[in-house]
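Number of protein chains: 2
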Amino acid sequence: MIAELTREETEEFLREQVVGRIGCHADGQTYVVPVIYAYDDGYLYVATIEGRKTRMLRANPEVCFEVDRYDGPAGWRSAIAWGTYEELAGEEAERAIAILAERFGRTGETRRHGPESGLRTVCFRIRVEELTGRAVERSA
Amino acid sequence: MIAELTREETEEFLREQVVGRIGCHADGQTYVVPVIYAYDDGYLYVATIEGRKTRMLRANPEVCFEVDRYDGPAGWRSAIAWGTYEELAGEEAERAIAILAERFGRTGETRRHGPESGLRTVCFRIRVEELTGRAVERSA
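Respectively, the protein sequence lines represent chains E and A.
Numbers 1 to 140, taken from the working numbering, label the letters of the first sequence in order.
Numbers 1 to 140, taken from the working numbering, label the letters of the second sequence in order.
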């Protein structure tokens, strides 16, 4: 029994979950990578470090974003979004950090890497342009 | 603290998890979709029904496959594979169903949809050509 979730139900699910997967595609290769995120008013916020995913996201900002929760044989719930990668700087990056910190506290997820680590923090958001949600419920 | 997993550790992780996400790309769009899978000797086996993902996988069989386990602030583990979609028929499809049934029992995950449901079961596997695994462990 597969049910489509309403926009409200899907957004509620995005707000309650913490791990999502970004699917991006550049130079003929698809890449799916897990991230800690916070959903806020039509945007998915992420703080990460420079690497393969940031290179690919800059090369092709059109992405897919997926969240799921598996409840065993009883069923599962998922949300799939399509949207655009927007890298953030200055005050916008500070705001992203604040949104993530509010969601997670000052844990590793939102800790900025100092220059001594050699890793540059990259803050970005995905502007959600299309959003679908599904729930699968099974009777025994 | 990010550690690369060995091939053996990554395969062990793939064997223990049940939900993965396929990332595919066709006609300029990337799609990430969760599936129940079983890993067996270099192949990821899936039984699903006809739909958007099977259309896209046929159009472009080069895919990414992602599995993760989030352990809260303590860290997480993930595996990312790249490989090729292979649709299965006849005895090969039967073997895929048997592998999934051995992993999950005769639950909804491996139940074939009868013709009366109007949904055709599609069995496929992804031949893993490249595999990476990572573990992130954080001290408090």
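Don't read these hints as lab results, they were simulated from the structure.
These numbers were taken from a predicted model, which means no experiment stands behind them.
Positions of the beta carbon are idealized from the N, C-alpha and C atoms, including for glycine.
Please note that the accuracy of each hint is not assured.
[What the hints assert, rightly or not] Label pairs and their in silico Cβ distance ranges:
#1 A/Thr6 <-> E/Glu62: 29 to 37 Å
#2 E/Asp27 <-> A/Ala3: 32 to 40 Å
#3 A/Asp41 <-> E/Arg52: 43 to 51 Å
#4 A/Ala101 <-> E/Glu92: 46 to 54 Å
Report task. Could you see if the CB distance from A/Asp41 to E/Arg52 stays within 43 to 51 Å? Result -> Taking Cβ atoms as reference, A/Asp41 and E/Arg52 lie about 28 Å apart, which means the hint is violated.
Query raised in the report: Is the distance from the Cβ of A/Thr6 to the Cβ of E/Glu62 consistent with 29 to 37 Å?
Result: Between A/Thr6 and E/Glu62, where Cβ atoms are some 34 Å apart, the hint holds.
Query raised in the report: Using the C-beta atoms of E/Asp27 and A/Ala3, is the stated range 32 to 40 Å upheld?
Result: violated, 27 Å
Query raised in the report: Does 46 to 54 Å hold as the CB distance between A/Ala101 and E/Glu92, or does it fail?
Result: Between A/Ala101 and E/Glu92, where Cβ atoms are some 50 Å apart, the hint holds.
This entry does not satisfy hints 2, 3, going by the numbered hints stated previously.
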